[in-house]
Amino acid sequence: MSSFTWDYCAKSACARSKCVFIGVKCILRTIVTGLYGFHVKFCTIHSWAARSSLADWSLLGVRLLRRPRPLPPCARALSPPLQQQPFDSLAEKPQFPGASAEFVDHLEFIQPNVISGIPVYRVMDRQGQIINPSEDPQLPKEMVLNFYQKMTLLNTMDRILYESQRQGRISFYMTNYGEEGTHVGSAAALDPEDLVFGQYREAGVLMFRGFPLDLFMAQCYANVDDLGKGRQMPVHYGSKDLNFVTISSPLATQIPQAAGAAYAIKRENTNRVVICYFGEGAASEGDAHAGFNFAATLECPLIFFCRNNGYAISTPTDEQYRGDGIAARGPGYGMLSIRVDGNDVFAVYNATKEARRRAIAENQPFLIEAMTYRIGHHSTSDDSSAYRSVDEVNYWDKQDHPISRLRHYMTARGWWGEEEERAWRKQSRKLVMEAFERAEKRQKPHPDLLFSDVYLEMPPSLEKQKESMWRHLQQYREHYPLDHYEK
Amino acid sequence: MNVQTLGPNAAAVTTTPQNLYIVRLSLLEIRVVLLLHSFVFGLCPGPTQKMNLFQSVTSALDNTLASDPTAVIFGEDVAFGGVFRCTVGLRDKYGKDRVFNTPLCEQGIVGFGIGLAVAGATAIAEIQFADYIFPAFDQIVNEAAKYRYRSGNLFDCGNLTIRAPWGCVGHGALYHSQSPEAFFAHCPGIKIVIPRSPVQAKGLLLSCIIDKNPCIFFEPKILYRAAVEQVPMESYQIPLSQAEVLQEGSDITLLAWGTQVHVMREVAAMAQEKLGVSCEVIDLRTIQPWDIETVCKSVVKTGRLLVSHEAPVTGGFAAEISSTVQEECFLNLEAPITRVCGYDTPFPHIFEPFYIPDKWKCFDAVKRMINY
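If you're matching them up, the sequences are chains A and B in order. Mapping the first sequence onto the UniProt record's numbering, position 453 (from 1) lands on 453, and the numbers just tick up by one. Mapping the second sequence onto the UniProt record's numbering, position 17 (from 1) lands on 17, and the numbers just tick up by one.
Check the hints yourself; a few may be wrong.
[To be verified] Each computed SDA-like pair below joins lysine to any residue, with the alpha-carbon atoms no more than 20 Å apart:
| # | chain 1 | residue 1 | chain 2 | residue 2 |
| --- | --- | --- | --- | --- |
| 1 | B | K96 | A | E268 |
| 2 | B | K212 | A | E463 |
| 3 | A | K464 | B | S323 |
| 4 | B | K212 | A | M458 |
| 5 | B | K212 | A | F451 |
| 6 | A | K464 | B | C296 |
| 7 | A | K464 | B | Q242 |
| 8 | B | K96 | A | E362 |
| 9 | A | K466 | B | D291 |
| 10 | A | K464 | B | H186 |
| 11 | B | K212 | A | E457 |
| 12 | B | K212 | A | S461 |
| 13 | B | K297 | A | E457 |
| 14 | A | K240 | B | N153 |
| 15 | A | K464 | B | T294 |
| 16 | A | K229 | B | P188 |
| 17 | B | K212 | A | K426 |
| 18 | A | K229 | B | Q242 |
| 19 | A | K466 | B | H186 |
| 20 | A | K466 | B | K96 |
| 21 | A | K466 | B | T324 |
| 22 | A | K426 | A | I115 |
| 23 | B | K212 | A | E362 |
| 24 | B | K301 | B | E244 |
| 25 | A | K93 | A | F103 |
| 26 | A | K464 | A | L449 |
[Said to hold, decoys possible] Computed footprint of chain A on chain B; a stretch qualifies when at least three of its residues, placed anywhere within it, have a C-beta under 8 Å from a C-beta of chain A:
| # | segment |
| --- | --- |
| 27 | 99-106 |
| 28 | 113-123 |
| 29 | 288-302 |
[Stated by the list, open to error] To give an idea of the chain B side of the interface with chain A (calculated C-beta under 8 Å), a few residues:
| # | residue |
| --- | --- |
| 30 | D138 |
| 31 | N142 |
| 32 | E143 |
| 33 | S151 |
| 34 | G152 |
| 35 | F155 |
| 36 | G189 |
| 37 | S241 |
| 38 | Q242 |
| 39 | A243 |
It should be emphasised that the hints constitute simulated quantities derived from the structure, not laboratory data. This one's a predicted model, so the numbers in the text were calculated from it and none came from an experiment. Heads up, the beta-carbon is just placed ideally off N, CA and C, and yes, glycines get one too.
When you get a sec, could you build the whole thing from the sequences and use the hints?
Following this line, the structure appears as structure tokens:
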């Protein structure tokens with residue numbers, strides 16, 4: 001049975017006749033759904049209610065409607081027609097526009113299911129063995145080696161840049177230790193044209209897409225090669241060519257933006273998806289709630305990818321939320337959701353791939369909560385030994401790390417060994433060091449770039465401010481580090 | 001200025017917004033018919049239609065949706081036409097994927113709009129009242145305003161326009177009367193525009209939509225029905241960051257924006273009649289970036305500046321204007337720059353007639369400045 005559209009009609013007579021027609025369609029639909037064993041639901045929300053219960057879909061195994069979407073909200077606004085729909089007053093079904101599940105006559109609060117909670121999907125065990133062979137994506141060797149090399153290259157770059165901050169060469173840095181699997185697994189499942197909105201700990205996504213080491217370094221050093229023109233702190237990467245929207249510091253602001261971008265992309269009909277990364281801490285922000293709700297109600301082809309790494313700086317998850325993590329919030333918004341083992345690059349890959357396929361096909365958002373662990377400190381401004389034990393960190397570093405789990409998978413197939421490991425470590429370190437040394441020597445951008453891009457065109461008042469700065473510099477130049485900046 | 005009232009009581013009243021308040025308290029409806037404008041900056045050909053301010057907004061949106069296939073309009077209740085009827089008929093005409101309701105969440109509306117703009121679509125977001133724009137403050141100030149700068153011009157949300165009803169309405173009280181332009185004026189990277197009439201509203205709104213920077217367009221809600229003009233049906237633009245001298249004068253410059261421009265015109269007439277004072281009246285139109293040149297040129301000529309707005313005086317935009325003008329025109333000033341603004345209180349309900357910077361307060365300020 002095809003879904004229908006409800007075009008808002010200002011004229012009441014037209015609306016009434018349309019509504020009677022649609023009312024009849026509604027009843028037909030509810031009769032059909034009733035035959036299939038669904039509750040009798042009013043059309044405004046029945047598909048939403050069905051979608052929100054994962055069990056219903058697996059029970060049926062088949063989708064009843066081609067495109068199970070609720071009617072546009074304006075349908076609810078037309079109250080006279082709804083009252084005109086003939087319904088059986090003897091049946092005592094709820095008639096509320098807001099929700100129409102069954103009545104119940106005993107008082108019982110719904111228990112939030114935090115003890116067992118949503119299970120964690122994984123493909124490999126902690127030793128890199130495939131658990132269920134049918135879930136192995138069976139990716140070609142070159143692809144798997146590329147995963148490994150990208151994760152380890154990121155790890156190497158992180159070590160060197162963290163050190164460089166400690167030595168005062170760059171002002172700030174954030175490592176990605178332990179979360180490389182979430183980056184590479186998800187990035188590999190996307191098309192290069194898919195738009196990425198990140199938070200700040202997704203450098204592996206950019207690296208996987210081919211962002212060169214020189215440009216990572218340029219941004220961290222804020223030198224003349226920085227695509228961002230030296231305006232932001234380190235790790236605030238961005239790339240138009242690689243469809244990676246420039247990072248900003250405020251948390252979760254990218255979430256409703258991703259919904260808007262996905263809506264625009266949906267209207268373009270180009271088979272692209274938007275992916276939006278954020279941490280479990282950022283998911284507490286109001287913007288996260290806004291973004292989830294908008295994406296669901298406005299039917300955006302969007303993957304929400306939550307990196308639940310256990311900490312938001314020093315705040316552990318039991319001080320961040322009281323429910324069953326982030327995945328459990330998805331059904332509250334009418335979103336399909338899954339929890340995956342973020343340290344299992346194949347689980348992340350499979351979930352993202354399927355979410356991508358369906359998000360585009362069905363124009364709806366998907367929520368993936370990738371469970372992982374932040375092995376490093378929050379940033380170079382943080383010393384995490386102040387709030388967690390070294391033993392805890394060591395467990396994740398040694399026993400459950402995305403890089404070692406993938407390496408076990410590769411060595412079991414004879415694709416990687418000691419020799420390759422040694423050679424690659426040497427080579428990756430050399431690549432990073434060479435880029436680092438080049439970046440060190442480059443100058444900083446021209447100080448005029450302090451004033452441009454505030455607006456597309458520079459307003460006269462800003463021109464005057466720029467001129468006044470240069471006049472000041474002419475007189476007091478010895479107090480300013482002009483020699484390091486491009487002339 | 002031709003003034004006609006078309007209302008159920010058909011009483012002929014010379015109207016200013018102050019009279020409007022009194023009349024509104026008496027529940028009379030009065031329409032102010034402004035002068036017939038056939039041309040706007042010589043750019044507006046074609047047939048005109050009598051429109052009030054909300055209809056001129058609808059017309060601008062209609063033109064935009066017709067010419068720009070990526071343009072979408074969204075916000076709370078825009079689908080049925082909007083609480084101020086600015087989007088009536090557009091959903092029928094252009095489809096539910098282009099004119100749609102969003103959930104009740106201003107931070108979501110603006111964030112969503114930024115994302116649309118970043119992805120290349122023309123995003124026109126409606127905030128139901130300017131008083132409710134604050135949940136979106138972070139998205140506007142930390143994100144929209146800084147998108148181009150922080151990305152080194154790789155990304156921008158120049159295609160975003162945010163519209164919101166603005167200013168006092170006679171009975172709006174704290175949360176349906178605010179004029180929050182000063183909060184945003186302090187943030188580089190966004191443009192703020194406030195029209196005084198239907199012709200201005202349509203031209204300025206179209207300029208905001210076409211402008212490649214994120215813009216906030218505040219619409220004086222008290223003028224939605226009260227202000228009626230012959231407005232061109234075709235698309236036309238009024239340049240941003242250009243103030244308009246409505247009336248030339250030699251003794252004092254009266255500067256305002258939005259509804260207050262009409263108050264200033266009344267004050268200019270009163271000053272001429274009762275004091276023999278020749279006033280130059282300027283409509284600022286764009287608050288940020290503002291037309292410093294036109295205002296300073298005028299103050300150099302007259303030597304006196306009166307700035308007036310409904311928003312509270314402390315930290316209001318008149319403070320910025322005063323500061324800049326005294327820097328540029330210090331030696332030309334015959335009297336201190338005077339601000340006639342709202343008091344430093346939340347916007348009151350029953351005390352509105354005492355709160356607002358009405359024509360008597362402005363007239364009195366003119367008198368004091370002339371006699372300084």
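Going down the list of hints, with the structure as the test:
no.: 1; hint: B:K96 with A:E268; result: 15 Å, holds
no.: 2; hint: B:K212 with A:E463; result: 19 Å, holds
no.: 3; hint: A:K464 with B:S323; result: 16 Å, holds
no.: 4; hint: B:K212 with A:M458; result: 12 Å, holds
no.: 5; hint: B:K212 with A:F451; result: 17 Å, holds
no.: 6; hint: A:K464 with B:C296; result: 15 Å, holds
no.: 7; hint: A:K464 with B:Q242; result: 18 Å, holds
no.: 8; hint: B:K96 with A:E362; result: 18 Å, holds
no.: 9; hint: A:K466 with B:D291; result: 18 Å, holds
no.: 10; hint: A:K464 with B:H186; result: 18 Å, holds
no.: 11; hint: B:K212 with A:E457; result: 9 Å, holds
no.: 12; hint: B:K212 with A:S461; result: 18 Å, holds
no.: 13; hint: B:K297 with A:E457; result: 23 Å, violated
no.: 14; hint: A:K240 with B:N153; result: 10 Å, holds
no.: 15; hint: A:K464 with B:T294; result: 16 Å, holds
no.: 16; hint: A:K229 with B:P188; result: 18 Å, holds
no.: 17; hint: B:K212 with A:K426; result: 48 Å, violated
no.: 18; hint: A:K229 with B:Q242; result: 31 Å, violated
no.: 19; hint: A:K466 with B:H186; result: 18 Å, holds
no.: 20; hint: A:K466 with B:K96; result: 47 Å, violated
no.: 21; hint: A:K466 with B:T324; result: 17 Å, holds
no.: 22; hint: A:K426 with A:I115; result: 46 Å, violated
no.: 23; hint: B:K212 with A:E362; result: 33 Å, violated
no.: 24; hint: B:K301 with B:E244; result: 16 Å, holds
no.: 25; hint: A:K93 with A:F103; result: 7 Å, holds
no.: 26; hint: A:K464 with A:L449; result: 15 Å, holds
no.: 27; hint: 99-106; result: holds (count 5)
no.: 28; hint: 113-123; result: holds (count 10)
no.: 29; hint: 288-302; result: holds (count 3)
no.: 30; hint: D138; result: 6 Å, holds
no.: 31; hint: N142; result: 5 Å, holds
no.: 32; hint: E143; result: 5 Å, holds
no.: 33; hint: S151; result: 4 Å, holds
no.: 34; hint: G152; result: 4 Å, holds
no.: 35; hint: F155; result: 6 Å, holds
no.: 36; hint: G189; result: 5 Å, holds
no.: 37; hint: S241; result: 7 Å, holds
no.: 38; hint: Q242; result: 12 Å, violated
no.: 39; hint: A243; result: 13 Å, violated
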